[in-house]
Amino acid sequence: MNESRYWIAERRGTLIAIAVFLAMFVIYIANHPVGLTANVAQTAANKGVLLAFVVVAQALVVITGGIDLSVGMVLVLTNCIASWIVVGTPMQTGLGVLGVLGSGILCGALNGAIVIYGRLQPIITTIATGAIFFGLALILRPYPGGSVNEDLADAMTGQIFGVVPTSLILLAGALLVLWVPFRGSPLGRGAFAAGSSEVAAYMSGVPIHRCKFAAYVLAGLFGSLGGLFLTFYTYTGEAAYASGDGYTLWSIAAVVLGGVSLYGGRGSAVGAVFGAFTARTIGDMLFVFDVDALWQPLLQGVFLVLAISIGAIALLRVRNRLDWFE
Amino acid sequence: MSDFQQQDRPGFVEAFKRRFDPAVATAFACIIVLLLIGSFYSSNFLTATYLIQQMKVAAFLGIAASGVMLVILLGHIDLSIPWVLTAGAMMACAATGFGPVGTALAVPAGILTGALFGLFNGIGVAYLRIPAMIVTLSTNVVAQGLMVVYSGGFSPQDSASDAMRWLATGVLIPGVPNAILVWALVAVAISFLLGRTAFGRTLYGIGNNERAVYLSGIGTRRVVLLAFVLAGALSAFAGVLLAGYASKAAQSMGNAYLLPAIASVVLGGTSILGGKGSYLGTVAGVILITLLQSILSVMQMPEAGRQMIYGVVILAMLLAYGRGPRSV
Numbered sequence: 072m073n074e075s076r077y078w079i080a081e082r083r084g085t086l087i088a089i090a091v092f093l094a095m096f097v098i099y100i101a102n103h104p105v106g107l108t109a110n111v112a113q114t115a116a117n118k119g120v121l122l123a124f125v126v127v128a129q130a131l132v133v134i135t136g137g138i139d140l141s142v143g144m145v146l147v148l149t150n151c152i153a154s155w156i157v158v159g160t161p162m163q164t165g166l167g168v169l170g171v172l173g174s175g176i177l178c179g180a181l182n183g184a185i186v187i188y189g190r191l192q193p194i195i196t197t198i199a200t201g202a203i204f205f206g207l208a209l210i211l212r213p214y215p216g217g218s219v220n221e222d223l224a225d226a227m228t229g230q231i232f233g234v235v236p237t238s239l240i241l242l243a244g245a246l247l248v249l250w251v252p253f254r255g256s257p258l259g260r261g262a263f264a265a266g267s268s269e270v271a272a273y274m275s276g277v278p279i280h281r282c283k284f285a286a287y288v289l290a291g292l293f294g295s296l297g298g299l300f301l302t303f304y305t306y307t308g309e310a311a312y313a314s315g316d317g318y319t320l321w322s323i324a325a326v327v328l329g330g331v332s333l334y335g336g337r338g339s340a341v342g343a344v345f346g347a348f349t350a351r352t353i354g355d356m357l358f359v360f361d362v363d364a365l366w367q368p369l370l371q372g373v374f375l376v377l378a379i380s381i382g383a384i385a386l387l388r389v390r391n392r393l394d395w396f397e
Numbered sequence: 319m320s321d322f323q324q325q326d327r328p329g330f331v332e333a334f335k336r337r338f339d340p341a342v343a344t345a346f347a348c349i350i351v352l353l354l355i356g357s358f359y360s361s362n363f364l365t366a367t368y369l370i371q372q373m374k375v376a377a378f379l380g381i382a383a384s385g386v387m388l389v390i391l392l393g394h395i396d397l398s399i400p401w402v403l404t405a406g407a408m409m410a411c412a413a414t415g416f417g418p419v420g421t422a423l424a425v426p427a428g429i430l431t432g433a434l435f436g437l438f439n440g441i442g443v444a445y446l447r448i449p450a451m452i453v454t455l456s457t458n459v460v461a462q463g464l465m466v467v468y469s470g471g472f473s474p475q476d477s478a479s480d481a482m483r484w485l486a487t488g489v490l491i492p493g494v495p496n497a498i499l500v501w502a503l504v505a506v507a508i509s510f511l512l513g514r515t516a517f518g519r520t521l522y523g524i525g526n527n528e529r530a531v532y533l534s535g536i537g538t539r540r541v542v543l544l545a546f547v548l549a550g551a552l553s554a555f556a557g558v559l560l561a562g563y564a565s566k567a568a569q570s571m572g573n574a575y576l577l578p579a580i581a582s583v584v585l586g587g588t589s590i591l592g593g594k595g596s597y598l599g600t601v602a603g604v605i606l607i608t609l610l611q612s613i614l615s616v617m618q619m620p621e622a623g624r625q626m627i628y629g630v631v632i633l634a635m636l637l638a639y640g641r642g643p644r645s646v
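Respectively, the protein sequence lines represent chains A and B.
Taking our numbering, the leading residue of the first sequence gets 72, the next gets one more, and so forth.
Taking our numbering, the leading residue of the second sequence gets 319, the next gets one more, and so forth.
These are computed hints drawn from the structure, not numbers from a lab.
Just so it is clear, CB atoms sit at the ideal spot from N, CA and C, and this is done for glycine as well.
Treat the hints with caution; some may be incorrect.
As the list claims (entries may be wrong) - Pairwise CB distance ranges (calculated):
#  : chain 1 : residue 1 : chain 2 : residue 2 : range
1  : A       : Asn73     : B       : Pro340    : 54 to 60 Å
2  : A       : Ser75     : B       : Ala568    : 56 to 62 Å
3  : A       : Ala383    : B       : Pro340    : 36 to 42 Å
4  : A       : Val105    : B       : Gly420    : 22 to 28 Å
5  : A       : Ala383    : B       : Gly417    : 41 to 47 Å
6  : A       : Asn102    : B       : Pro643    : 53 to 59 Å
7  : A       : Val234    : B       : Val467    : 37 to 43 Å
8  : B       : Gly642    : A       : Val389    : 27 to 33 Å
9  : A       : Ala313    : B       : Phe517    : 54 to 60 Å
10 : B       : Ala574    : A       : Ser380    : 27 to 33 Å
Could you put together the complete structure from these sequences and hints?
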């Protein structure tokens, strides 16, 4: 095999995710009554980016071989925090943004500390911390309300030069500043190694605890970016249990669509982003094809089942039946 | 000869030591602590009436938790409880709309609905080898979608049949509500299944090492499938009883059961990685969670505080006795 084939084999999941998204988005736009205008792109981008932040957070934890069922609640909590503190003069707003991101980091660090140093299973840990985060959100916002610096919010959800959605730039910037350095650093490579085989990574001298902890912290940060963006998008804070639950569900689905292996060690944030865009396009397609609102939840579920069943095709390639039980 | 047998059979103390599980003991100790705390807040916390009332509430959770326990013993998980439970309740109530035959078949109809969703989970996990978390999450979405289509987005108007109400609220033996009896029956059945049948031993085996069990010539996929079917049926049965208790089904009745069901299994000492756990522990976990909820409501704790205390207590207890091995 020459270099380019290695390159493709390593990124197969990500490339498939991009292809699937492009195919679905083309169908969506072709059937859209208006077509691809700057405004349609802006709306699609805003919704997609919102989910994408949460999905990247989920992907970071999944890559270490864990799962984060609290990611939707981190979004809800940071949304409620942002609706209090991201207001006022540019200086105050800036400090507010830092505060929101800091609280996301704290959430991620709490999850990571309990899972890694407390040695509890990620599923049950994040269900429990999710309850705590939701409780905090309810204390902050018993009723929906609050506000946000609208100049900043409009800038972040608007367009640049009247064409490019700002939200896409924001997402790309976040990935460039956070994901790319992490992926290349010893910490990031260690997180992948720990997800692939924790024992082998440990034997090779990888500081697996530190690497996994960094991934959880970064996941919290991306979760809070999602919460911040939700506040920009809605101008309010709301402690809605169903919404947090829904984001958690779709983050897992989108991670799968984005080619990130749930067994850990494989995947990329870029794949996760396109998984998120695909998940959003599924919802939008139902709208464009004028499906009865009552049937939409069911059809979304059916799409979800079909999408995850695709992974089962790998079973056909298994040469030894014992490999079923990995 | 008799000497030989005497040596071979462990003494009572040894047998007790061997079966003694520190996690189950801690869970029961926590129950006693909760009862003491509760008695400070309200004088009738320790009365028989109140405790029986609590056991009745615990019965619904206990039945749902029994199903989850089977799946967790395999090393899998069932996140489809909320809407499978609701679907069971709604279908049972819907059956009563079909005259006397439907009314008679209401309870089986509800359970069958759950078993079908369980079958779907089982096929995905056992035969398609998709991670259980993903399969059951999407089953939950599909079940929700089906129920939204069925009910038009509102709570359905059909009410529970008399049999459902009797099972949930009737009193067959004076002083003991039927819901507790039903839970006791389920408990005996599950204990028998786990301890005395090949199916039960296989569950533990698969939880420890599915490859080894498969190489021993057991069709592990069928066992996994059956465990998911049972789990679905039990979730739906809990829904049927709840509908009988409230005399009708409601949209979000299942949401309050996912976290408690999993938490009570895990707090009862069952390893979430599978292969280890006893039903007695699950009973302890269910009572523990129910008492905790009851104390929080006696304290008139607002929803926010309830959620937080809930999360903190689960984490604290697991950190105390549910930590994983030092793997590397």
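Numbers of the earlier hints that this structure fails to satisfy, in rising order
4 and 9
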